[in-house]
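Novice: In case you want the letters, here they are:
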Amino acid sequence: MVEVEALTKRYGTLEVLKGVSARFEPGRVTAVVGPNASGKTTLMKCILGLVVPDGGAVRVHGENALGNPAVRAKIGYMPQDPRFPENITGREVVAWIQELRGSRGRDLESLIERFGLEAALSQPTRVLSGGTRQKLSALLAFLFDPPVLILDEPTAGLDPLASSRFKDLVAASRDAGKTIIMTSHVMSELEELADRVLFLLEGTVIFSGGLEELRERTGEAKLERAVARLMEGA
Amino acid sequence: MRGTTYKIFKYTLSDLLRSRWILGYALLFAAVAGGILYLGDQPTQAVVSVLNLVILVVPLVSLVLGLMYHYANRDFALLVLTQPVHRASVFRGQFFGLSLALVLAYLVGAGVPFALYAIANPVDWAQVGLVLLAGTLVSLVFTALALYIGVAQDERVRALGLAIGIWFALTMIYDSLLLLLIVLAEAYPIDPWVIGLSMVNPVDLARVMVLLKLDTAALMGYTGAVFNKFLGSNLGLLLAFLALVVWVAVPAWRAQRVFARRDF
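Protein chains in written order, with numbering that gives the first Met the number 0: chain G, 0 to 233; chain D, 0 to 263.
The reader is advised that the hints may include incorrect statements.
Stated by the list, open to error - Going by beta-carbon spacing under 10 Å, a handful of chain G positions derived as facing chain D: (1) 73; (2) 85; (3) 86; (4) 92; (5) 96; (6) 168; (7) 171.
FYI, nobody ran anything at the bench for these hints, they're computed from the structure. C-beta: ideal position from N, C-alpha, C; glycine also.
Just chain G, with the same shape it has in the complex (with noise of 0.2 Å):
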């Protein structure tokens, strides 16, 4: 369970949050949508404690999140773009993170089999392409089993076969009771996945529901003509 409050934060002159609740359950996929520059990202940061806000709590499993780094060891996270030290190797990176937070994980060797990781794992990082470096991503996130994840484009760069393995994984940690935050701009995707919905305008929930909901509300039965319909101001 994740809970924001009341989040605020400005770049500058620019408000990319005004005010933002929500609640993410566990057991569900909650879908952050949104038109680019929404906030998306920042929220997440926010969880994360990457970004700090300006205003508003967060917590995680009821834990205050702001300035209390242990929460993250019950979060793993898929950046949007991630990147690596460049010279070292995959397995490098893997023990680095194991003895950062002082654990070894579980399931590694079926993690690495899931993504087909197997020889990536013995380059330096800096020459593994986008798409294998998400998955380099994808093991870091679940290695630990942590009940909350969150998810930023998780799927961009995915050759279709690890895009179908990585959605399986999603839906099995959901029904094992996580709690996950994901975004997509691959509307079929979130459809497939997300029980609920999170949509953010210029730093604003504009909605916030289940799938269904949203369906009746905007009178659409496809996910991604529903998100049109809010973008133009259902």
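Fit chain D to the given chain G structure using the hints.
Specialist: This is chain D only, laid out in the frame that chain G set:
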């Protein structure tokens, strides 16, 4: 979370010790100190030559390498900061790792030639020790400044420009201005002020610290002479040392605060 600083420190240090830049930096000192010791056979001359490098090259290399490392490792910092670690620990680990890499390169590069020379020749270890200490402190001061500039400035080109400007101001312009002031105020008793003013410049402090023990007043420059006259060499030395420690602590502390509050 205990031990995060150490883990980051270890990673940063081992990463840097493999870098060619650090090796080249150590070799530069070895070449200058070794060359002058073996060609000139005058240890005090070698100490003064190393001091010249400490005054000019150490600040520049610490600033530039510090900034380069900072920007090259933003991805690393981002990855680390999504883990359950305190930002302050991450900053300290990087600062200690970076400083120690630079200090080790300096100490090994400048120190080994003196140690080898000392096997067969007399060496004044107080002089050598002081120049090694001064170089260590200058490395720390400018590493702290580099990280302060780096965490406060997102654009690396502007940061490098700022760093080179600071280097130029402290190593070149500051002394000229001080000299100008002294000439203009010739008729007034401004010597105590000169002490205060040279405390403001870490490069001057390092110079004064070493030259106070060399008894070569001609090399000391005006500020060194004033330090000697008013404070005597031991008190002057202690004062210069303490001022340099403040010069390390303040930028490092400021940089850590900015790092703890900034957005990534």
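Novice: Which hints from the list above does the structure break, by number from lowest to highest?
Specialist: Going through the list in order, the structure violates hints 6, 7 and respects the others.
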